[in-house]
Amino acid sequence: MAHATTVQIREEKFIFSDKAKRLAFILMGAGLLLALIGYFTYHPQVEGFTDEQNHHLPIKRLLASILFNGYFFFIIATCAAVFLAISQVANAGWYVAIRRIPEAMSSFMPIGAIVVFGVVFLSLVVFHGGIYHWGHDGVMEADPLLAKKTWYLNKPFFLIRLAVFTAFWTWCATMIRKYSQNEDQIGGLTNFDKTFKLSAAFLVVFGFTFSMFAWDITMSVDAHWYSTIFTIYNFATGWVSALTVIYLITWYLRSNGYLDGIASDEHMHDLGKFMFAFSVFWTYMWTAQFLLIWYANIPEEVAYYKPRMFGSYKFFFYINIVLNFVVPFFIFMRRGAKRSRQVGVFVGTCILIGHWNDVFLMVMPGAMNLAAAVTGDNPTGIIETPSQGIGLMEIGFLGVFAGLFLYITLNALSKANLYPTKHPFLKESILHDTGV
Amino acid sequence: MMLGVYDNPDTVFSVTENLVKAGYDVHDVYTPFAVHNLDKVIGVKRTRLSIAAFCFAMTGLVSAIALQTYASYFDWQMNIGGKPSLHIPTYIPITFELSILFTAFGMVGCFFIVNRMFWGRNTDIIDLRVTDDRFVIAVNIHSKTDVKALEQTFVSGGAIEVRERAKDL
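Residue numbers (our numbering), protein chains in the order written: chain A, 2 to 437; chain B, -13 to 155.
Just so you know, the hints here were simulated from the structure itself, not pulled from any lab data.
Since the model is a prediction, treat every value here as computed from it, not as a measurement.
Careful: at least some of the hints might be erroneous.
Claimed, not checked - DSSO-like cross-link-like pairs, simulated, lysine-lysine; straight-line CA separation at most 27 Å:
1. A:Lys423 - A:Lys198
2. A:Lys428 - B:Lys26
3. B:Lys153 - B:Lys130
4. A:Lys423 - A:Lys14
5. B:Lys31 - A:Lys274
6. A:Lys179 - A:Lys14
7. B:Lys153 - B:Lys31
8. B:Lys7 - B:Lys130
9. A:Lys428 - A:Lys195
10. A:Lys315 - B:Lys69
11. A:Lys274 - B:Lys26
12. A:Lys179 - A:Lys428
13. B:Lys130 - B:Lys31
14. A:Lys416 - A:Lys179
15. B:Lys69 - A:Lys307
To be verified - Computed beta-carbon distance windows for the label pairs:
16. A:Gln186 - B:Ile74: 51 to 59 Å
17. B:Ile74 - A:Gly262: 47 to 55 Å
18. A:Ile230 - B:Val116: 45 to 53 Å
19. A:Ile332 - B:Val30: 22 to 30 Å
20. B:Glu83 - A:Asp194: 39 to 47 Å
21. B:Arg115 - A:Asp194: 35 to 43 Å
22. B:Ala90 - A:Gly139: 52 to 60 Å
23. A:Asn379 - B:Phe91: 52 to 60 Å
24. B:Pro79 - A:Glu385: 27 to 35 Å
Think of the CB as a built atom: it goes at the ideal place given N, C-alpha and C, for glycine as much as any other residue.
Required output: the full structure, derived from the provided sequences and hints.
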C-alpha cells in the first residue's frame, strides 16, 4: 500500500434513486395500511374485563404504538446530532468522511419531535390520560404516592418542557448542519469554531434535559415507578441504535459506489467498535438498573419487572438480552466481523430490532394498563392488562416511521455534498488507519 | 545489523519502501510517533494480543465464578435479603469486574514480557534518539547482504547517519 500523502477530494453528491424513494413510500404506505387494519380488527376480549374496559384498549394500543415508534426514531435522530457534537468537541478527525450521514439523520428531528409531542398532547389533553396513568382525571389527587409528584407531573408543565427541550435540540442540530454546509462554500475555520462552541453548549444542555425528557416520555408511563439510571439507559438505547444506523447507511452508500476512496473499511471498523462497545454499555446500564431493584425488592420498584420478567411479557424480556447483548458481543467481537458487510448488516439488524423491542418493553406494559379507583384492595389504582403481543399496529407504525426516517435522511443526504469537502480534518479522516 | 538514522517521517517511509522492494531483511523501523501505513510496508503481522486478552478474560471469569460458588454456596451460606445463595444475578458484578481485572493485569504482564522489561534490567534501546525526534531503520545483515549497496541506499535516501550495530536486539 502506497503512502497516500495526496488524496483526491472531489465534490460528490448522493443521488436519491427512484428505487430507494419507492421503497420508502412502500414502507410508509404498507405500514399505515397494516396499522389501520390492525386497529380496526383489534377487538380485545381480555379475561375478567368488562366490555367497557375492553373498549379502552384499542385507542391505548394505537397511541402507545405511535409513541414508542416515534420516540425510538426521534432518539436515533437526536443521538445522531449528539454524535456530531461529541465528535466535534473531542476534536475527532476520523469521522469526518462519514459526517454527512449523522447530519442527514438529525434532519428527522423536527418530525420526530412533532410526533412525540402530538401523541403526548392527544393522550393527556384529548383523551384525558390515554397511555399515561397519571394523566387520568382525579388520579393524581387520589393516589398518595402520586400526589407528592404533582409539582412535577402536571399537564401544563409537562407539555411546556417537552416543547422547549425538543425545540432547542432541533435548533442546535439545524445550526450544526447549517454551519457544516456553509463550510463547504467558504472554507476556513469560522464555521468549525462556531460548531465547536454550539456543540459544547448543546451537550451540556442535552445532558440535563434528556434526563427529564426520558422521565417524562417513557418513565412516567409507569408513574409509580422510578429508577435513577433510567436516563442513561435510554440514552444508551438511542446512542447504540444511532451508531448502528450510521453504520448501515455507510455500508449502503459504499456498496452503491459512493464515498469511494473516502470512507474505507477503517471507518467501518471504528463504527463497529462503537456498536460493540455501546452494546456492552447498554447491557451494563440494563443490568445495573435490574440488579439494584432485584436486590432491594421494594414493592413499588419490583412492580415494574413483575409483568416483564414473570408475566406475559416474558418472551420480549429475554429476547431483549439475546438481541442486544449476546448477538453483538459474541458475533461482533472479532476484527473481521466489523469489516464484513454481511456480518455487519446481520448484527446491525439484530441490534435495531432489539432496541425497538426494548423501547416497546419500556412503554407497552404500563401504557396498556387501566386506571381504577384507589381502594384498600388495589392501592395503586391500576388494573393490569396482559400482553397483547406485537401485532399489526406495532409493526405497521414501525414501517411508517422507518419509511419516513429513510426518506427524510436520504433526501437530506442528497441535498449537500456527500462529505464536507472543506472540513479541516477531512484529509486526516480519509487517511484514517486503525492499524494491523 | 545496519542502522540508518533519519530526521523526517516521509523520507523514512520512502526509504523503507525501497529497501523492502530491493529485498533487504528490514528488522524494524523505530519512530518516536506512529507513521501510518509503515506497518503494512514492513509487513508487521496481526497482533496476537487480542487472543491473549480473551484467554485472560476467560481465566478471570472462571476464577470469579469458582470463588463465588465456593464462598457463598459450598463454604458458608448466608441469608441476604432472602435471596438464593446460588443464583446468576448475584454473580454478575464480581464476574464482570474480575474478568476486567485479570485482562488488565494480564495485558500489562504480556507487555513487560514481550518487551523484556524486568526489574533491575536496563532496556536495550536501539538508539536513544528515537525516544526524541529521530527515526531509525534497522536492517539485518546476512552473509549474502551487499553492505556497500545498503549503505548507498541509506545515504541517498537522506540519512543523517549510517552505522553498524554489533549486538542484535
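Comparing the hints with the structure gives:
no.	hint	in the structure
1	A:Lys423 - A:Lys198	holds (19 Å)
2	A:Lys428 - B:Lys26	holds (20 Å)
3	B:Lys153 - B:Lys130	holds (19 Å)
4	A:Lys423 - A:Lys14	holds (15 Å)
5	B:Lys31 - A:Lys274	holds (21 Å)
6	A:Lys179 - A:Lys14	holds (17 Å)
7	B:Lys153 - B:Lys31	holds (24 Å)
8	B:Lys7 - B:Lys130	holds (17 Å)
9	A:Lys428 - A:Lys195	holds (21 Å)
10	A:Lys315 - B:Lys69	holds (21 Å)
11	A:Lys274 - B:Lys26	holds (21 Å)
12	A:Lys179 - A:Lys428	holds (21 Å)
13	B:Lys130 - B:Lys31	holds (25 Å)
14	A:Lys416 - A:Lys179	holds (12 Å)
15	B:Lys69 - A:Lys307	holds (16 Å)
16	A:Gln186 - B:Ile74: 51 to 59 Å	holds (58 Å)
17	B:Ile74 - A:Gly262: 47 to 55 Å	holds (49 Å)
18	A:Ile230 - B:Val116: 45 to 53 Å	holds (47 Å)
19	A:Ile332 - B:Val30: 22 to 30 Å	holds (27 Å)
20	B:Glu83 - A:Asp194: 39 to 47 Å	holds (42 Å)
21	B:Arg115 - A:Asp194: 35 to 43 Å	holds (38 Å)
22	B:Ala90 - A:Gly139: 52 to 60 Å	holds (56 Å)
23	A:Asn379 - B:Phe91: 52 to 60 Å	holds (54 Å)
24	B:Pro79 - A:Glu385: 27 to 35 Å	holds (31 Å)
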